[in-house]
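Trainee: Order-wise, the sequence lines are chains A and B.
Quick note on numbering: the first sequence equals residues 9 to 304 in the numbering used here.
Quick note on numbering: the second sequence equals residues 535 to 884 in the numbering used here.
For the record, the hints were derived by calculation from the structure and aren't laboratory data.
It is possible that some hints are incorrect.
Unchecked claim - Here are some, though not all, of the chain B residues that point toward chain A, as calculated from beta-carbon distances under 7 Å:
hint, residue
1, G661
2, V684
3, G695
4, S740
5, V848
6, V849
Note that this is a predicted model, so its numbers are computed, not measured.
We treat Cβ as the ideally placed atom computed from N, Cα and C, and that holds for glycine.
Residues per chain, in single letters:
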Amino acid sequence: MTQYVFQQVINGLALGSLYALLAIGFSMIYGIVRLINFAHGDLVMIGGFATLALVSAGVPWPVILVFVLCVGAMAGIAIETVVFRPMRGADQVTGFIATLAVSIAIQNSTLMALSGQPRNFSFPAFMRQRIDIAGSSASLTDLTIIGLTLLLIGGLFLIVYRTKMGQAMRATAENLTAARLMGVAVNRTIMTAFAIGSALAAVAGLFWGGKFGQIDPLMGFEPGLKAFVACVIGGVGSIGGAMLGGYILGLAEILFVGLLPQEYSGYRDTFVFLLLIVILLVRPSGLFIRQTEERA
Amino acid sequence: MIPDASSTSVEAWSRPRAPQWSFIASLVIVCLGAVVVFTMTQWLDRYAVTLCALLLINAALAVSLTVSNGLSGLFSLGHPAFMTIGAYVAAILTFPATRKGTMLPDLPEWLAAIEAPMLPAVLLGGGVAGLVSLVVGYAVLRLKGHYLAVATLGLIIVVQGLVRNWDGLTRGGSGLSGLPRHVDIWWAYGYLVIVVALAWRIKYSSLGRAIMAVRENELAAECSGINSARLKILAFSVGAVLAGVGGALTAHLISVITPGTFSIVLAFNLVVMVVIGGAGSITGAVLAAAGITLLSESLRPVEEAANLYGLSQVVVAVCLIAVLYMRPSGLFGSGEPSIVKRIFGGRGQA
Numbered sequence: 009m010t011q012y013v014f015q016q017v018i019n020g021l022a023l024g025s026l027y028a029l030l031a032i033g034f035s036m037i038y039g040i041v042r043l044i045n046f047a048h049g050d051l052v053m054i055g056g057f058a059t060l061a062l063v064s065a066g067v068p069w070p071v072i073l074v075f076v077l078c079v080g081a082m083a084g085i086a087i088e089t090v091v092f093r094p095m096r097g098a099d100q101v102t103g104f105i106a107t108l109a110v111s112i113a114i115q116n117s118t119l120m121a122l123s124g125q126p127r128n129f130s131f132p133a134f135m136r137q138r139i140d141i142a143g144s145s146a147s148l149t150d151l152t153i154i155g156l157t158l159l160l161i162g163g164l165f166l167i168v169y170r171t172k173m174g175q176a177m178r179a180t181a182e183n184l185t186a187a188r189l190m191g192v193a194v195n196r197t198i199m200t201a202f203a204i205g206s207a208l209a210a211v212a213g214l215f216w217g218g219k220f221g222q223i224d225p226l227m228g229f230e231p232g233l234k235a236f237v238a239c240v241i242g243g244v245g246s247i248g249g250a251m252l253g254g255y256i257l258g259l260a261e262i263l264f265v266g267l268l269p270q271e272y273s274g275y276r277d278t279f280v281f282l283l284l285i286v287i288l289l290v291r292p293s294g295l296f297i298r299q300t301e302e303r304a
Numbered sequence: 535m536i537p538d539a540s541s542t543s544v545e546a547w548s549r550p551r552a553p554q555w556s557f558i559a560s561l562v563i564v565c566l567g568a569v570v571v572f573t574m575t576q577w578l579d580r581y582a583v584t585l586c587a588l589l590l591i592n593a594a595l596a597v598s599l600t601v602s603n604g605l606s607g608l609f610s611l612g613h614p615a616f617m618t619i620g621a622y623v624a625a626i627l628t629f630p631a632t633r634k635g636t637m638l639p640d641l642p643e644w645l646a647a648i649e650a651p652m653l654p655a656v657l658l659g660g661g662v663a664g665l666v667s668l669v670v671g672y673a674v675l676r677l678k679g680h681y682l683a684v685a686t687l688g689l690i691i692v693v694q695g696l697v698r699n700w701d702g703l704t705r706g707g708s709g710l711s712g713l714p715r716h717v718d719i720w721w722a723y724g725y726l727v728i729v730v731a732l733a734w735r736i737k738y739s740s741l742g743r744a745i746m747a748v749r750e751n752e753l754a755a756e757c758s759g760i761n762s763a764r765l766k767i768l769a770f771s772v773g774a775v776l777a778g779v780g781g782a783l784t785a786h787l788i789s790v791i792t793p794g795t796f797s798i799v800l801a802f803n804l805v806v807m808v809v810i811g812g813a814g815s816i817t818g819a820v821l822a823a824a825g826i827t828l829l830s831e832s833l834r835p836v837e838e839a840a841n842l843y844g845l846s847q848v849v850v851a852v853c854l855i856a857v858l859y860m861r862p863s864g865l866f867g868s869g870e871p872s873i874v875k876r877i878f879g880g881r882g883q884a
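Bound conformation, chain B alone:
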């Protein structure tokens, strides 16, 4: 992490980019994106629009995993667990009150009477996921490398087991179907914008630098007065809150949630997106998420026509192995391409 001459040169420091400029540029890009989304809603059929919404949510989830894994160097596979928690919390809140009584007998009275609007439900879903992640993180983040990976994988199974067996609250294995379709592509787009903005703010702040310092060398970071344990839990929990929100949005987009909706395969796919994009690179995560979602969706007709279910997963896995061979640090490493940094105003090497 020795800064090279170009980033610390007199030229770079003497003309600091005005923060307003990057703010306006980002705003323009967000508006352009909104125009694209609007055209899509006008021109594409409903299936394609839902697909695009899923793509946006996937991209946002990959970025949230970049915060909790990429920046901090942790290797957690627990995202689907937090998505499941967020989705169920939100689904129980928004579920039509008339059907709650018969389908979910274990709900406390006050919960059974509520039929919450989408926004508070989503926020609560994210919040509960975040609380769980604080408790879990306190315990498992002492583990390193693949031990953490397997422990968080275990977390997915623990959460799925609880959801599957707590019939009175979750309807067990059959899941909750017929959720109100509150979420459309605009929700997905807004979620992506917020997640990317948040991730960007974190990455290019002193907080982000501290988190990345823990990744590069924990001992050195602690010697410089960084509380590494706290930062790891923070990164883990930010990712978990965003995952909980993402899970809630997905459930209300496809209007169904079952214990298996967010599975270990999803954990794998998200990790693939982060690894291919480059751990810690926000641009990379967005591009890889879009690329992989498009790739596996475009293979779906082939799967159906040739009766080759599983083909898309094989292709994704082979892509991953190829990237690990040829470019182990991913497309963009830990950094952002310079043109993106020019627009959004990132500083320094990363």
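In isolation and in its complexed conformation, chain A is listed as follows:
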């Protein structure tokens, strides 16, 4: 029994890592431009397909990881410059509708170009072996995902809290106009935030493909929505909160499926979104933050 629970926890942490990677980007973008970026989930798909292309070209895995980060960053920059920059200053809902449109356009263009047929996706064979830890075992894929995610998040925290660009980002998130008056290059800062957030999302796509073994043009939709739930759990706009929210959601989802009888597992998504509605009502600014902004 303890072994079963242990495996479920590892599984939940791996899923939580994916949500955390996505939620952090979501939260960074929201924190700076107050925009809920619906197209964020589609970067998972872009990352997945980029990986697939690189694998078939025979590129070694560590290089793939770096490449996928770059692809994600470039896609994020492209989306930001083409669609969102001209709309800056429009009201919240207009921006949200625009991101929805971008998401639909990306999904359907990919459908047109690559067809809706799911593609098989697998990590190299040695990743599938199981490793013994204290009498239980865990798959190397899950452990790698958890480890690399922690590394990436560590890097992100270094950028945000130890560099000049990070300082500019935090200043812009605090108050865009004031930051601009203090000489922060606001447009460049926003672009960097989009680039970093999107790069993390693309890597989440690489991991997603490796964990679930399949990718398709519409795969980004569900993780995107769930990352939003993770953000809400942690408090939208906070990076640490988004990370914790991701882990909490991943664990909660896996434990919901793993510990309840089989016939409830179909209600997994229902559970997640009921959780969202309940949290929005009870603690609209998240579990960890004091109420700062009006959401409800």
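Starting from the known structure of chain A, fit chain B onto it as the hints suggest.
Mentor: Chain B in isolation, oriented as in the chain A frame:
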């Protein structure tokens, strides 16, 4: 919302338009529409007529979304959830009793024996959707802007999840097929007429003005004695009832309903219609719905010929982004074109 000189001038108030005149004009237009529908049933093939019926239902749904979103300034994406509820309720009622027992074992005895006619089934479908919307609305309408949008998006997923897993009542993912084809283009036309008339009556009444006041400035509206929470729930629920009816009609038009029939893509398309037409504009919603449905249907042969599935959605999305760039308030803003107002007798700026 300061009334400008033209709408409050002596000329406008001293000769109030006789209400009978606009009533007769509307009646004439409804009859003309009926003639058009009749000619269509005579001249077009069955596929084209079904398509026109879908177009009419879409237009009505866009107008119902105008009531719940456009007038009140809420941003709900929950329409497909209410359509799904309405469609399943109606479908369970009209489903042939001989097949109910084997296909839907969890139905209570009295329900399994019933084979309801269309009208009560549709009304019940709308009613149940409305009841659900009251409960949900009470909870989620405290949220604002995109938080409400995502919560209602979550509602779609919750409803779909329930429908997909409640096998004994809904047949799960495979859905209910072979529904009686009770609905033809006349039902769709009648539905559109009723929805537009209702929306028009609401918009140009003190109720509608109160709802729009909440949209413009909630605090100011409350200071003038408007109960904004109640009006928001009312607008949300009116939209939900109409959506439930629309879902029931669609299901019986295409004679099948599955958990995915009314998806998030539909929510997006309806929102696009309302945004392109102008949030709060009934004329705009009808025209945008007709335009977008025709556009995506005319692209369908291209999609099939060139194997480019998804093209129509891309075009719709790009159109939306273009409108948001160039005319963020949509074709007609929140108002109606003056010629339409002359005919149907709307007053004031909107």
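Trainee: Taking the numbered hints from earlier one at a time, note which ones the structure violates and give those numbers from smallest to largest.
Mentor: 1, 4, 6
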